[in-house]
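J.: Numbers -9 to 156, taken from our numbering, label the letters of the sequence shown in order.
No lab work stands behind these hints: they were computed from the structure.
Remember, it's a predicted structure, so these values are computed and weren't measured experimentally.
Keep in mind that a hint or two might mislead.
Unchecked claim - List of simulated lysine to aspartate or glutamate pairs, DMTMM-like, C-alpha gap at most 25 Å: (1) Lys14 x Glu127; (2) Lys103 x Glu140; (3) Lys121 x Glu146; (4) Lys(-6) x Glu140; (5) Lys12 x Glu81; (6) Lys12 x Asp97.
As the list claims (entries may be wrong) - Label pairs and their calculated CB-CB ranges: (7) Phe123 x Glu19: 19 to 25 Å; (8) Gly16 x Lys98: 32 to 38 Å; (9) Tyr26 x Asp97: 37 to 43 Å; (10) Glu146 x Glu(-5): 18 to 24 Å.
Ideal placement from N, C-alpha and C gives every residue a C-beta, glycine not left out.
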Amino acid sequence: MTFKEIQELIRLVGKSDLAEFKVKDGEFELSIRTKYYGTNKPFMQPIVAPHTAAPVMPPVPAGSMPTAEPKPEQETKKPEAAPKADKKYLEIKSPIVGTFYRSQSPDKPPYVKVGDRVEAGNVVCIVEAMKLFNEIESDISGTIVKVVVEDAQPVEYDQVLFLVEP
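With the hints as extra help, turn the sequences into a complete structure.
T.: Structure representation (structure tokens):
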């Protein structure tokens, strides 16, 4: 990740209601915490654009942060957590925040399907972050038993993407 990309990330996170943002790419790790870190204040969800665009945050007027309190039904709705893996299954997790894609493009077949055998180092999906398409490689060997995330959905750092039977 270049210095300019890091600066842009800091600028974007600073303009959002995010409390914390983490990204990991190989040995490189970046964690950004804002003034909302450690508070119970709800955060804004990213808006996901079509297959070719990255998630974008809603525009916030310069110098101001939204102050409207969420409606009660918004507070009770939480993103669905990935199902707990049975102890016999291993997990392939997202190393970065971005948008999950099962294939290189909408007209191409997915990298892996349920029942496919993967080896450590095989590309299993793409996570798009800041208009960069990052190929995600399996760090384990086994058979894919479940694809946990839907195609073109936002994913968080360390979110389970696939369950694998060793």
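J.: For Lys121 and Glu146, compute the direct alpha-carbon distance and say whether it is at most 25 Å.
T.: Judged against 25 Å, a Cα distance of about 16 Å means the pair holds.
J.: What's the verdict on Lys14 and Glu127, does the C-alpha distance respect the 25 Å limit or exceed it?
T.: Roughly 13 Å between the alpha carbons, so the hint for Lys14 and Glu127 holds.
J.: Does the structure keep Lys(-6) and Glu140 at a Cα separation of 25 Å or less?
T.: Not satisfied, since the Cα-Cα distance of roughly 31 Å exceeds 25 Å.
J.: Is 18 to 24 Å a correct range for the gap between the Cβ atoms of Glu146 and Glu(-5)?
T.: This hint holds: roughly 19 Å between Cβ atoms.
J.: Holds or violated: 37 to 43 Å for the Cβ distance of Tyr26 and Asp97?
T.: holds, 40 Å
J.: That 19 to 25 Å hint for Phe123 and Glu19 (C-beta), does it hold up?
T.: holds, 20 Å
J.: Between Lys12 and Glu81, does the CA-CA distance stay at or below 25 Å?
T.: Cα-Cα ~19 Å, so holds.
J.: Tell me if the straight-line CA distance from Lys103 to Glu140 falls inside 25 Å.
T.: holds, 12 Å
J.: If you check the beta carbons of Gly16 and Lys98, does the distance land in 32 to 38 Å?
T.: violated, 25 Å
J.: What's the verdict on Lys12 and Asp97, does the C-alpha distance respect the 25 Å limit or exceed it?
T.: violated, 31 Å
Hints 4, 6 and 8, counting from the list given before, are not met by this structure.
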